Amino acid sequence: MLSLWRKIRRTGRVAEPPPPLPEGERPERAALLGGSVQIRHVDAGSCNGCEIEIGSAFGPVHDGERYGARLVASPRHADALLVTGVVTRNMAEPLRRTFDAVPAPKLVVAVGDCARNCGVFAGAYGVAGAVRDVVPVDVEIHGCPPRPEAIVEGLRKLTGR
Amino acid sequence: MSALGVVGGVVQPVLIVAGSPLLVGLMRQVRARLEGRAGAGVAQPWRDLRKLLRKERITPRGTSEVFRFAPLVLVATTLVVAVVVPFVATESAVDPVADLFAVVALLALGAVALALAGLDTGTAFGGMGASREMTILALVEPTLLVAIFALSVRVGSTNLGAIVSSTLHDPARVISPVSLLAAVALIVVIVAETGRIPVDNPSTHLELTMVHEAMVLEYAGPDLALVELASAMRLSVFLGLLANLFAPWGIATEATPLAVLIGVLALVVKVGVLGGLLAAGEVFVAKLRLFRVPELLAGSSLLALLAVAASFFLA
Amino acid sequence: MNLAATGMAAVVAIGLVTALLAAVVPARSAVVGVGTAVTGAAAVVAGAAALAGGSFSVVLPEVLPLSGVALTLDPLGGLFVAVTGGVAVAAGIYAMSYVDSLDLRTRGVQVALPLFVVAMALVPAAANVSTLLVCWELMALASLVLVVAEHRRGPRVASAGRWYAVMTHLGFVSVLIGLMVFVAHAPDDSFAALREAGGRLSPAVAGVVFVATLAGFTSKAGIVPLHAWLPRAHPEAPSHVSALMSAAMVNLGVYGVVRVGVDLLGGGTAWWWLLVLALGAVSAVYGILQAAMSSDLKRLLGQSTTENMGLVLVGIGAAGLFASSGEHTLAALALTAALLHVVGHAAFKTLLFLAAGSVLHATGSRDLDALGGLRPVMPVTTAAFGLGALAASALPPGTAFVSEWLLLQALIHGLPAGGVAAAIAMPVAVAAVALTAGLAVATFVKAFGVGFLAKPRSGAAADAHESPFTMLAGMGVAAVVCVVLALWPAGVLPAVQAAAGGAAVSGDVTLRLSQATGALSPLLLTLGLLAAVVVVAGVVRAAVARRARREARLWDCGGGPMSARMEYTATSFAEPLQRVFDDVVQPELDVDVSHHQESRYLVQAVEYRRKVPDRIERRLYEPVLNAITAWGGAGRRLASGSVHRYLGYGFYVVCGALILLAVTR
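Residue numbers (the numbering used here), protein chains in the order written: chain A, 92 to 252; chain B, 4 to 318; chain C, 206 to 870.
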């Protein structure tokens, strides 16, 4: 316990100073949320590359939470869905249902090139399409996988902080 | 009903309702800083609540009134406790309700309402959360009541006003073995009742390790806001109780504006410090397995029994 | 003749007439229902009159041989008569249509019901030992007939009847022995003579009398370790009879302990009451633990009766302990708490059993794992059971909360008063009461949440329908009493204190302890809670955006629709508790894995069975029963059928007797 305390003292703050607020238009409904965005992550058929980046977007260095975004356990608690990967045939219906379970106003963020336009999996036999083919998408985040900074930037478009 | 009681009865609920989300925010901030993060700011829980109130209400299919009324009952029980317990002023607005047993039972009633709501959804997680919550509640009860017993023996009453006033007049009691043992037992109880680490992890996303969260997975929008507000209020009510049972200094004994202001500040500082310590402590321990929790609780009830024995044999 | 005497006369007359009519009139069930209810009402009047101070006493030497029938009604007896009457009113109204629906219309069963009520009302009014014993036995026999009423339903009913018959008669023998020893030291068997002789008994004799009667009376009250019959007989009896047995009959065991221990023997010594306290605490925890594991609705309620009687005994034990150390106000407080709990338990247990009967009537099942989803189809029964569950779980605003609060106050204030024995007993008792309260909450959340809410777990539960009006009315009577007791206990406190023989609590809206600080106002608490609900609802309504409530499918993780099989059952709800109390309850688990024919690596089916046996029964009763069976087997070898051997036995016995005589002379 003492060694943990020493480690905490030695490490200090690892969060990087926040970059300036991203340019570009914010989705209209994001303003209704008033700086608090609860996020439910849905893996619609990802290779888990995006998941690792999401994990580090909420890690100490990038600290997505400081902008008012938080991952939650149930779509009922969520304001936004963070969808990764191409939408596979098996996940199309669950994704629709998850979207339906979120109380309005709700937003969808497509994370990664697969979610945006199927990426390298375009045309594969098990792919139902990109995220926007299944549910309406408000924000798209580029990259394969996107850098944590890009994810944080996308989330800040929702929180406005 | 004295003037002081009325002042307390008005100031306390306002303070608790306004302050408890900030307490949660403070605790998250402390935790964030210890983890090297920047944190979302102390006011973040209030932003969350404001947003939840603006959202859509959802009634899951197949649920009954129990599901819809449970958040109301949960907040109402905590609100009544906030009104009657001497947090800011030594006298209670409704003295015959300011009994330690009544307060404890009221808080348990809130937990029961939520557990029934969890069962009412008919989901596996709802039932699982309810089952675990009730198990922990049943095991916490002996420790809680025996600790209360230890505290009330020396005063000869379970009335909270009487206990607080008596400690105020005889500060030497605070460092007696009775008080220390009972305090340790009560801290364990509070950790268990408010669902903090190591009994429950309030920020877990893994359903299988959930206790409190599992019961509320179906709530959305304003209903969820009530549940979140109530759990924050329960946390501050329990910490406030702990603070005032063992260190009531600063509490208002007369109905002057200055005394009440000092009472408010003292409560804010005490609860804030306790919350900060609790959050810091959480960084150092891991969550216990559910079936290790009874061992923790049994240990604490042993301490409570020792406290009672001490109150008799060392008196 | 005063009101109490008239009332008791009415009880006997109406009860007997009802029984007679039941034997001859074709439309029996309505007659018996009304007659039982009226008998109960008369008993309430008689009891209330006695509590108000109108005692009476009458001796009818001709009715019974030897010392005749002697009846009297003092406040203590009056309380129990009134409670019995109240339960009978609700059960009688309920029985009118409940009996129609099940095959309970046989003449014998119908005759037994009013007789049972009359016998229960007469037990607390008995003024000598022979009357007490005769009424006690009449009560036992009438209830036995009622327990086995539905014997066609299966062997379990018959087995329950056998257990009940044996245990109740062993209890009777124990009471008989105790009272006979007592009477041997008194001029005659009237209670007045016994009361006078009670103070002069040597400690050894008084101890023997107390322990023997305690064993008998606690077996009636379902106290551990003589509780084994209770979770068998109460669930198997028809539900209105379960209510009568669980809410009224068990009380008479408590009555016996108070009457003999406190009244006739005059208090006795501390160890008696420590024994009572210990029995009470163990019963309370053990009873509720068994109930928490149970998934049979009526069995659960029966086990909760053991728990509640345990709590009552904790109060009585504490009262005796305080009285033996001279703390009479505290003793009165503890006894008041115990008797108030008797009254409250009678109200909510009646309500719960009648509601469980309504469920049984509608679904044909009392297995919680097959119930659920009853709220939309049986709203009144659900509300009734919910109210009863709240009352039983010692939460405000519930009925048991007030009496448990008083009990805890008595225990807390008793610590400095009772010396070292109290210093050890009181904290342990508080811990036991607290654990009991916590487990009771879990138990009743399980019973209500699993049994009535969410989705139906079987076709029978889905097709349930609300019960007929008279059954609902019977529940309504009990529900109203529960609410009154919860909100305004001061309404019955004077009566309870008259029975307890001392005023330790005063006040109308707020209950205040005399000679100790402590106050509680259940009414203000409830009003405060209601006000808070209204305020919160108003604030939320004002603050919330005007959006319509949307109905959505349950969050099923996006998968297929959830079926009732995915719900938590009563068994799974109790699983964590069962694991925590593994060492106490020692559940029996059976996992059968059957493999595929082709390969042992492929599992075809897994079967899981869990049974929570009664551990005390296993450890205490089974060896005794086995020994009796073994003796019987050994005895059979003596009876070989040979006349020569039998003549030989006679010869040996005569010789032996002669030798014995010769030696002792």
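Quick caveat, the hints were computed from the structure, so don't treat them as lab data. A portion of the hints provided could be inaccurate.
Unchecked claim - Reference excerpt, derived from the structure (chain C facing chain B, CB under 8 Å, subset only):
#1 479
#2 730
#3 757
#4 758
#5 815
None of the values given here were measured: they were computed from a predicted structure. Yeah, the Cβ is synthetic: ideal placement off N, Cα and C, and Gly gets one too.
Going through the hints against the structure:
Evaluation of the residue 479 (chain C) hint against chain B yields a violated restraint, the C-beta minimum of about 16 Å exceeding 8 Å. Interface hint at residue 730 (chain C): satisfied, since its Cβ lies 5 Å from the closest Cβ of chain B, which is below the 8 Å cut-off. Taken as an interface hint, residue 757 (chain C) checks out: its beta carbon lies about 5 Å from the nearest beta carbon of chain B, inside 8 Å. Below 8 Å, beta-carbon pairs count as interface contacts, and residue 758 (chain C) has one with chain B at about 6 Å; its hint therefore holds.
Below 8 Å, beta-carbon pairs count as interface contacts, and residue 815 (chain C) has none with chain B, the closest being about 15 Å; its hint is therefore violated.
Hint compliance for this structure: hints 1, 5 are not met, and every other hint is.
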